[in-house]
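Engineer: One letter stands for each residue in the lines below.
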Amino acid sequence: MSVSFVPSAQELARFAPEMALALGATLVMLGEALWKSGSRSKLAALAFLTLLAAAALAVFAAGDPGPAFSNLLAVDGFSTFFRVLVCAAGMLVVLISTNYLRQEGHDSGEYYALILFSVAGQCLMAASNELIMLFIGLECSSIASYVLAGYLRDDKRNNEAALKYFLLGSFASAFFLYGVAWLWGASGTTNLSELRRLLLDPSSGVSVTVTAAAAALLLVGLAFKVSAAPFQMWAPDVYQGAPAPVAAFLSVGPKAAAFAMFLRILMTTFVPLRGRWEPVLWAVALATMVIGNFAALHQTNVKRLLAYSSIAHAGYILVALTAMSDTGAAAAMFYLAAYTFMNIGAFAVVTYVAGRGEKHVELMDLAGLSRRSPVMAAVLSIFLLSLTGVPLTAGFFGKFYIFKAALDADLVWLAVLGLLNSAVAAYYYLRIIVMMYMQEPSAGAGPLPAPGAGMRWALAASVAGTFVLGVAPSLVLDYATASAPLLR
Amino acid sequence: MDLVLFLSFAAIAVGCALNLVLQTHPISSALSLIGVMGSLAVLYLLLGGEFLAAVQLIVYAGAIMVLFVFVIMLLNAGGEKRPSKKVLRTAVALPLLFTLAGVVAYVLASQTPRTETVKFGAYAAGPQEVGRALFTAWLLPFEVTSILILIAILGAVVLARKEI
Chain A
1 MSVSFVPSAQ ELARFAPEMA LALGATLVML GEALWKSGSR SKLAALAFLT LLAAAALAVF
61 AAGDPGPAFS NLLAVDGFST FFRVLVCAAG MLVVLISTNY LRQEGHDSGE YYALILFSVA
121 GQCLMAASNE LIMLFIGLEC SSIASYVLAG YLRDDKRNNE AALKYFLLGS FASAFFLYGV
181 AWLWGASGTT NLSELRRLLL DPSSGVSVTV TAAAAALLLV GLAFKVSAAP FQMWAPDVYQ
241 GAPAPVAAFL SVGPKAAAFA MFLRILMTTF VPLRGRWEPV LWAVALATMV IGNFAALHQT
301 NVKRLLAYSS IAHAGYILVA LTAMSDTGAA AAMFYLAAYT FMNIGAFAVV TYVAGRGEKH
361 VELMDLAGLS RRSPVMAAVL SIFLLSLTGV PLTAGFFGKF YIFKAALDAD LVWLAVLGLL
421 NSAVAAYYYL RIIVMMYMQE PSAGAGPLPA PGAGMRWALA ASVAGTFVLG VAPSLVLDYA
481 TASAPLLR
Chain B
1 MDLVLFLSFA AIAVGCALNL VLQTHPISSA LSLIGVMGSL AVLYLLLGGE FLAAVQLIVY
61 AGAIMVLFVF VIMLLNAGGE KRPSKKVLRT AVALPLLFTL AGVVAYVLAS QTPRTETVKF
121 GAYAAGPQEV GRALFTAWLL PFEVTSILIL IAILGAVVLA RKEI
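Residue numbers (this note's numbering), protein chains in the order written: chain A, 1 to 488; chain B, 1 to 164.
Here chain A stands alone, though its shape is the one from the complex:
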């Protein structure tokens, strides 16, 4: 087989979003060095435009789907969906970060460069069809995330978050890599489609036991990255310690990309091992929902509460994965899109209320928010209602499709337990709304300053996204349903 040394234009077009992001990140770094310190907002604008361009290139590349770079990448509807999703998450985070960084006195280009690099890694995770490529994408995304978690170096909470995230994260990556090595040892290939072919072919001589053991190692790595139980311990500490906009980013971007990876590995390769995966995923999904929701009940710190809530949401998405069907994959994709808007929105309001030095991140600080800033209280209520799963919001249809997929796959008990869990979740979400509207503001808490332009745009976009997905879910769901079968 002769392979050309020079990639064709077609292949480059299929890899264009990642190239644009890496180029944009490099330009931001150059701009940081060359421009005067007064022009920092230009760097944020450059980062935003790069993300926009990458999303556009991803859509453009979808016009000509197919494999690239000797089958290492697979550009299909699925990868396009997640590429656009992580770029959108990146854009929202850039918007809510500008004011925050200025207020903390750490407004610098490196932040935006790291966001861009992290998103590039996530795009790669979404588009790779091969385990080594997936691993490199995962590391690009993770290493940038570790640094972002500790971005305000002088803050002790940031240091703690970054160190914990780094140590546990690299441990999880090592598990994933070890699983890849085992799979390669068992089958001689790391390509997902090729692995599927070997597993389906009884005469290939691939040992099912070794493959299952390798799959277990992969599961440990993936479960850590999506913060699923019993590997969820890092999430509350990291989200609480990291800067609020970074916590918003971590709870959405890397998680969506890790789920993309999870879905692709599961649906492309391991369907032949379905009987072995299903009980494990069943237990992991249930444990993740229960731990996330019940731990969130007792939290007094808003960031920590949202961290536990994001663990619970990972549990709901795992229910969709357990179904291991096309409808399940489509439901997970829809849920991740809905979750992106509502969760970034909720974290954006928390960022805004937290104020300088993040002094106001306790639940008590939200008391009486409706008097101090009626708009913000209303906006946060919308996101919380959506996270609860109230009709007319994106969260409702997200949960609806997930539990429907679970019922279609005869996972009746998991669906019932999941529904009970969302009832538990309603308690702590609604408690925040009650505090905002029914309680008096604490003494000395005056009206809040007007939010910056970036924050306003990000909130407007998140509210719009939450409502559009809640009123017309078919816009996204039809696309997800059409692209889910492509995973094979």
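Treat the hints loosely; a few may be bogus.
A few chain A residues facing chain B, derived, Cβ under 10 Å [claimed, not checked]: (1) Phe15; (2) Ala68; (3) Cys140; (4) Val147.
Source of the hints: derived by calculation from the structure; they are not laboratory data. Cβ atoms here follow ideal geometry from the backbone N, Cα and C, with glycine treated the same way.
Based on these hints, arrange chain B on the given structure of chain A.
Structural biologist: For chain B alone, coordinates are given in the frame of chain A:
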């Protein structure tokens, strides 16, 4: 001849590895680690993996060990303090250790078919083949790894710079 070389370098590797754990000063441990890496490279060479041997020397004995030594010197790490000797703990741990090593050796010996010598040559793993694969089929991971390294450098700069 192969057997003599194998046995002597295997013995050096094991001896250095033991020394690495037993030494109290980090620099002595680091130097023993270089010994392990070097003798492993010779073992690879004996098995016909020329490329692997060269990479082992360049990457591990060269780059990574230099990094270790730099870190040790920068942190100015002194010799570690020995924890007080627990006779009972040693008496329990040593037999367990030898049992584990024995079991692993037995399982490996019983599972592996008795071939004369293992040759890497069968997999065509010379520098030429590796280079060709790296720049054709595996071009993309090779290039993306450079982005990964760039991210790591950027991260180090962000976390270590005096003011941002």
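Engineer: Against the structure shown, which of the earlier numbered hints fail to hold, in ascending order?
Structural biologist: Those not satisfied: there are none.
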